[in-house]
Amino acid sequence: MKAVLIREDKSLVWDEVSMPTLSAEQVLVKVAYAAVNRADLMQREGCYPPPPGCPDWMGLEVSGTVVEVGEAVKRNGAVKVGDRVCALLGGGGYAEYVAVRYDMVMPIPQGCSMEEAAAMPEAFATAYLNLFIEGGLKAGDVFLMHAGASGLASVVIPMAKAFGAYVVTTIIDEDKRSAVEKTGADLIVNTRNEDIVEVLRRLDAEGRPVRLAIDCLGGDVMGKCLPHLGYMAKWIMIATLAGDLTTVDMRKLYVRNVRIIGSTLRSKPESFKAEILRRLVKDVWQKVSQGEIRPAVWRVLPITEAEAAHALLSENKSAGKVVLRVFGEEEAK
Numbered sequence: 006m007k008a009v010l011i012r013e014d015k016s017l018v019w020d021e022v023s024m025p026t027l028s029a030e031q032v033l034v035k036v037a038y039a040a041v042n043r044a045d046l047m048q049r050e051g052c053y054p055p056p057p058g059c060p061d062w063m064g065l066e067v068s069g070t071v072v073e074v075g076e077a078v079k080r081n082g083a084v085k086v087g088d089r090v091c092a093l094l095g096g097g098g099y100a101e102y103v104a105v106r107y108d109m110v111m112p113i114p115q116g117c118s119m120e121e122a123a124a125m126p127e128a129f130a131t132a133y134l135n136l137f138i139e140g141g142l143k144a145g146d147v148f149l150m151h152a153g154a155s156g157l158a159s160v161v162i163p164m165a166k167a168f169g170a171y172v173v174t175t176i177i178d179e180d181k182r183s184a185v186e187k188t189g190a191d192l193i194v195n196t197r198n199e200d201i202v203e204v205l206r207r208l209d210a211e212g213r214p215v216r217l218a219i220d221c222l223g224g225d226v227m228g229k230c231l232p233h234l235g236y237m238a239k240w241i242m243i244a245t246l247a248g249d250l251t252t253v254d255m256r257k258l259y260v261r262n263v264r265i266i267g268s269t270l271r272s273k274p275e276s277f278k279a280e281i282l283r284r285l286v287k288d289v290w291q292k293v294s295q296g297e298i299r300p301a302v303w304r305v306l307p308i309t310e311a312e313a314a315h316a317l318l319s320e321n322k323s324a325g326k327v328v329l330r331v332f333g334e335e336e337a338k
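All you need for our numbering is the position in the sequence shown, starting with 1, plus 5.
Hints may be right or wrong, so weigh each one.
Below, simulated DSS-like cross-link-like pairs (lysine-lysine); rule was C-alpha separation at most 27 Å, straight line [unchecked claim]: (1) 292 to 79; (2) 292 to 181; (3) 229 to 239; (4) 181 to 166; (5) 292 to 166; (6) 229 to 292; (7) 239 to 35; (8) 166 to 187; (9) 257 to 292; (10) 239 to 187; (11) 257 to 239; (12) 257 to 273.
Just so you know, the hints here were simulated from the structure itself, not pulled from any lab data.
Only a predicted model underlies this, so the values are computations on that prediction, with no experimental measurement involved.
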């Protein structure tokens, strides 16, 4: 089979690799589409290695068709050959086939294409983890999501809205406002010409402070925003695209009992991730089928153009999820 490999000079090549060997609890998925995540770019740069036992090539989420199942899966019947699934991976999705534990795959929600489904496992699991398990989001909460035009935000914002939150988000490119409006965000702040700190102060003064924030930026903005969150608010760090360091007024932090939480999905135990996926299917899949939450697929490119797909993210040109076509919907059957 073929996979996207990282050369020594960090360039990418679509090349031959060995077919995966199934363990008893794994299934083999013929990949229709693989979604691109910023974690893939970090792995390419050598900053985010895959967990032990995962393939060296990138890819955290795919859609496709099950073409083989391990012996234990045959006995428990949880997943069957021919099932249309999307899968959460530790790595290895940029390939024609991927082996994955049976409890890391989910049925594709009714009404979803495989193209859309590829953009769901990592993004939806990350959103659910941080909104509800880490963040404890409740209906009526004011929620701040930085980088509203990002692929993750295209899932997090609709999910927060579907469960009753008031959503504030940020952009830096006015051309992306219309795309972000489609996510359902209540307030979109262009930080090129608006001060997000002043927005947080105003919300606080109005008696509706931010109760939960998910931040993929970090840097100076984090330190400036933190003192203006509500009492017992949570600030969840999932990446530091704007800088690893910040300065915080700690007095305001402890007076308001604000919690800072570091969170990443990839390093969580598989049993924990399996529970997140189970909850997604139970709590969220119906909302997806009903159209309340949809993955915002912004661009689809062939797998041989993975370099171009990465450039869309690294140059901040994307306004939603970027997906790579491997076999496509028909050929993956």
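Evaluated hints:
Between the alpha carbons of residue 292 and residue 79 the distance comes to roughly 30 Å, so the proposed pair goes past 27 Å and is violated. Taking the CA atoms of residue 292 and residue 181, the gap is about 25 Å. The hint holds against a cut of 27 Å. Between residue 229 and residue 239, the direct Cα distance comes to roughly 15 Å. Compliance with the 27 Å bound is thereby established for this hinted pair. In summary, the hint linking residue 181 to residue 166 is supported, as the alpha carbons are separated by about 19 Å, within the 27 Å threshold.
Between residue 292 and residue 166 the alpha-carbon distance is near 11 Å, which keeps this suggested pair within the 27 Å criterion. The straight-line distance between the Cα atoms of residue 229 and residue 292 is roughly 35 Å, outside the 27 Å bound, and the hint therefore fails. The suggested pairing of residue 239 with residue 35 is violated, with an alpha-carbon distance near 40 Å, which exceeds 27 Å. Proximity of residue 166 to residue 187 is assessed by CA-CA distance (about 12 Å); at most 27 Å being required, the pair is judged to hold.
In summary, the hint linking residue 257 to residue 292 is not supported, as the alpha carbons are separated by about 38 Å, beyond the 27 Å threshold. As the CA atoms of residue 239 and residue 187 are separated by approximately 26 Å, the hinted pair is consistent with the 27 Å bound. Only pairs whose Cα atoms come within 27 Å are accepted, and residue 257 paired with residue 239 is accepted, the gap being roughly 14 Å. Distance check on the hinted pair: residue 257 and residue 273 sit about 31 Å apart at the alpha-carbon level, beyond 27 Å; violated.
Against the hints set out earlier in the document, violations occur for numbers 1, 6, 7, 9 and 12.
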